[in-house]
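J.: Chains as they are written, first to last, in our numbering: chain R, 1 to 233; chain B, 234 to 466; chain W, 467 to 700; chain Y, 701 to 934; chain D, 935 to 1180.
Think of the hints as simulated: they come from the structure by calculation, not from any bench.
Below, simulated EDC-like cross-link-like pairs (lysine to aspartate or glutamate); rule was C-alpha separation at most 16 Å, straight line: (1) K147(R) to D26(R); (2) K248(B) to E122(R); (3) K607(W) to E66(R); (4) K15(R) to D352(B); (5) K958(D) to D648(W); (6) K248(B) to D119(R); (7) K15(R) to E355(B); (8) K958(D) to E1151(D); (9) K219(R) to D196(R); (10) K457(B) to E446(B); (11) K841(Y) to E299(B); (12) K1112(D) to D1023(D).
Chain residues, written in single-letter form:
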Amino acid sequence: MSVSLRDVTVRRRGKTILGPLSIDLDAAGFSIVLGPNGAGKTTFLKILHGVERVTDGTAEWSVSAEEARQAQAYVFQSPIMLRRSVGQNLAYPLQLLGMDKADVAKRVLDWAGRIGLSDALERPAPRLSGGERQKLALGRALIRSPKVLFLDEPCANLDGRSTREIETLLLAAQRDGTRIIMTTHDLGQARRLASDIVFLLNGQVHERAPASEFFTTPKTVEAKAFMEGDIVE
Amino acid sequence: MSVSLRDVTVRRRGKTILGPLSIDLDAAGFSIVLGPNGAGKTTFLKILHGVERVTDGTAEWSVSAEEARQAQAYVFQSPIMLRRSVGQNLAYPLQLLGMDKADVAKRVLDWAGRIGLSDALERPAPRLSGGERQKLALGRALIRSPKVLFLDEPCANLDGRSTREIETLLLAAQRDGTRIIMTTHDLGQARRLASDIVFLLNGQVHERAPASEFFTTPKTVEAKAFMEGDIVE
Amino acid sequence: MNEIWAGILAAFRLIVTLDGDLVEITLRSLQVSLSALVIASAIALPFGTWLAIRRFRYRRATIATLNALMGLPPVVVGLIVYLLLSRSGPFGVMGLLFTPTAMIIAQVIIITPLIASITHQAMRELWAEYHDLLISLNTSKRQRIATLIWDGRRTLLTAALAGFGRAIGEVGAIMIVGGNIDHATRVLTTAIALETGKGDFALALGLGFVLIALALLVNFAIHALSRTEREGTW
Amino acid sequence: MNEIWAGILAAFRLIVTLDGDLVEITLRSLQVSLSALVIASAIALPFGTWLAIRRFRYRRATIATLNALMGLPPVVVGLIVYLLLSRSGPFGVMGLLFTPTAMIIAQVIIITPLIASITHQAMRELWAEYHDLLISLNTSKRQRIATLIWDGRRTLLTAALAGFGRAIGEVGAIMIVGGNIDHATRVLTTAIALETGKGDFALALGLGFVLIALALLVNFAIHALSRTEREGTW
Amino acid sequence: SMRMAVTTSFHNSGLSDVLLPEIKADIGLDVRLLVVGTGQALKLGRAGDVDAILVHSKAAELAFVESGFGTHRREIMYNDFVVVGPGDDPANVSSATTAIEAFQRLHAAEHLLVSRGDESGTHKKEASLWQAAAIDPSALGAWYKAVGAGMGASLNTASGLNAYIMSDRASWLNFGNKGELELLFSGDPLLFNQYAYLPVSAARHPHVKADAAQALERWLTSSKAQQLIDGYRIGGEALFVFNAVP
Ligand SMILES: Nc1ncnc2c1ncn2[C@@H]1O[C@H](COP(=O)(O)OP(=O)(O)OP(=O)(O)O)[C@@H](O)[C@H]1O
Ligand SMILES: Nc1ncnc2c1ncn2[C@@H]1O[C@H](COP(=O)(O)OP(=O)(O)OP(=O)(O)O)[C@@H](O)[C@H]1O
Ligand SMILES: [Mg+2]
Ligand SMILES: [Mg+2]
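Please take these sequences and the hints and turn them into a complete structure.
T.: Here is the structure:
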């Protein structure tokens, strides 16, 4: 399922933090959203997902709003932990669907293994280390096998090995038909994963291109400077 | 001022998450604490700083506890924002010292510039983007010119340019005599900054070495595997 | 001052001799207050939570009104319930006046706004924390409320205990709708009011101390059961 | 039911004619309740916050006791204050009995535990959030309490409003220590109790509605001033 | 069982604790008392929430029967009012010979005086005595404290203020918080206080237990009741005088 934003603007406290911006994202692929801090990446993802209110314009999915929401999952930049154990956090999205207990338990065990938290199932989630939380949030998003997956810097606090494992998981999910839209500040990671790049600057889509093209021949000076870690103004 | 930990153990809910561990850190240098997720890095830093309770053993600074605490600053892995404006967050540590208003205002302006948040002074801090929060937390820690600075993955959510600027700031602080103890998952950053490395694994100090040595000739297979992003068990 | 000692003594005597009347009115106090607490909580916890998660036009006004209703004067509540339940009132045929049921109704009206207000305030923080996640998971309103109440159950304890405290110590309303009838609707507070009227301060204080002891007991029991303080806010 | 209409009518008449007695007792109600609120808040806000940040041996017991004290029966508080202030009591020489001051004292005792309990509960969350930072910045106890109260001021509003509600609607204690003396200590709630006793339900209800209107007014005013709802929890 | 609304002064005397068990034993009737102000008792009767009332306020009682809420009014017994005040008696009430003189002395002395001020039977009686002494009670100075409360609460206030107060004898004798107050004046027939029994009209409120009310009336006017009422004493003093016409 694809989505199109039309003249979307987000204003908060009188300041425009995103837009006006129009963009189409189609049903397949692995889009990576790049941009400096405060560019509006998180806001952009939240608008697509529908958890942030737009001030102006429309965001429309090719399917009904209800269906779209049900098929999506989101991993927030600062992971939100339910005040429950790790196992209960993983089970929660399944319980919402009314899945029966035995099934839930099986899937929870399976996913706890995949994200490397099998030992921590009984631990209170709010007490996890920074990296463990990110993994838990990822597992909780993937456990429902969403059709569209939003990831906001999901590997920021992960060690090298975990990052690699998560990347493998994500590529597998994409192969299985999951549409992924992700932000990251790790350009290496972007190169490894992206099929296309959305480059945001000051709340605007500054450049959009297939990944290969963007990294080899960026069209704007700002994108080039950004990749070199230079001043982007 | 230097610190020594003697047989420090941290147990939570019956599980040992750190130690038993003994280590000395001396008064100068830029130590980087490495280790996989859940190794105990954050706990280790918090024990040194004295915000986490030890179950057994002692952590002692070369000066009195009061003096040590007053001279330290800490940037937490998930930045803690006071529910105030950015400017008030920066001013807070100075106000605690009873510094007069004009001085506070001047320093706040100065530091807001250095961390690149001059435009955001009036914004409520809890509404900042992930990267902006990290910058604010950094500025708030540095504004008191601490003698010892703890940093827990301070650049995890920063873009390339901000990371570079922060690194410059940190190196400058170190040159001016600040003792820095930092964790990171970015090995490149560790190479650029560290004078010595503490490699933690399963709550234990697994290897300790000067940076040059650690990166070129790690003594343990685990450290080697960690750097290659391999399975560390 | 002597009277305070005499009161403590009276309380002591009442308790050790397990005075029959005392046991009866104490049990009735508990029955009425706990019933009122259960009913009020069943209304106020979901309602307060709902108010925390829902944005609508008159939200602020609703909250201000709810807060104002915490100040409902018990005597007025008593009067209105009396008028409704009186034989010449609309629900007169049910014959509820001067029964414990009537007292429960009055107390529910008095403590529901209190519990709902505290619930609302406590749930706002939790909702701010959970907001994005619960919206993202496409939860229904009902699921959101259930999740918040469950995960916030320990902070909701104060709300419930405040309600219980208000109920068990209340006298104005239940005096009017219950009538303080011996062996039928007399509870600790109305008995205290009665003894005060007779100038028998020692006995009144004695009953008062029994009531306070009861409140302490209930609170310690609930705290012990819920282990509120074991692991910080979690 | 007719009486309820008659009550509404009576309230209306009292207000439009600006009845002199009504104005007098309304102002006294406000004066007593607001004074009690200010004093109780000055004690309870720091104390509740202190309880939230401090770990000590009998912390749980202290909190359970505080919660239990929310159930202090007003009549008993009234009695004890009466005994202390009566001429044969220890503070008799001050001649405070049957004055508004005595009523304020009784109300402070009644609402302080309520405000402190709600404060404690609200501040625990904020403290969990701020804990590491405030410890790290080497703040003194006093600075911690001040920071929490300031940054949590909006969530503390419910605590204060609950206290105000309890004070303005309370009758048992102030009847005993104030004496409901005409032109000296009569307030809205005691006047309502009086009219109820006289059987003049319409007037009692009328006064009750005036009291509720007053509570609404105060709440709306405070909400408007504090703009609690403007920006989520911040 | 049946419900009867009574005034505080009747209940505070303690007589009900003697009578109710006997009634239960003799005619098997469980009488539930609602202890309220006179006005409220009449209100409860009007609304049909009780089966009978026992009060002491003749004019209001007659009006109650007149307007058809009660079947009739049956006088049962009387007690009397007394003037209570500080032991040193600054108004010298104790040497008055008549109630009117006592009230005039109270007026002259301007010592603190607590009035029920709640339009109860007792309060109305007090007002009539002021009138008889040619004094307007609404024009008295700050020494006249209209407290607007029941008998017990008013006595507590008087005790706290060390003030004069007019009380019914029964409440006074049963009152525990006497402080420095003493009984200073009593005995004038003007101070008599008639209690009457009024069954609520079953024609008006078909659900009332007219049979029970009738049975109670029969018992209250029986010689058994006479014995118990006349024989009820506190500290050796008789409180009530039975005067029902059989
Ligand atoms: N409610 C708000 N009020 C004021 N400013 C806001 C608000 N919400 C967001 N902003 C600002 O909008 C800008 C974009 O925020 P956003 O979180 O989308 O950035 P981002 O691209 O995700 O940055 P990062 O890489 O640091 O996560 C930031 O400068 C932020 O401070
Ligand atoms: N209160 C607690 N109860 C149980 N387990 C805990 C508690 N606090 C921490 N832990 C566990 O202790 C381990 C070490 O945590 P710590 O936060 O120090 O890890 P870390 O090295 O900083 O990891 P990361 O790189 O992910 O930040 C983790 O596995 C964590 O789940
Ligand atoms: Mg972001
Ligand atoms: Mg960590």
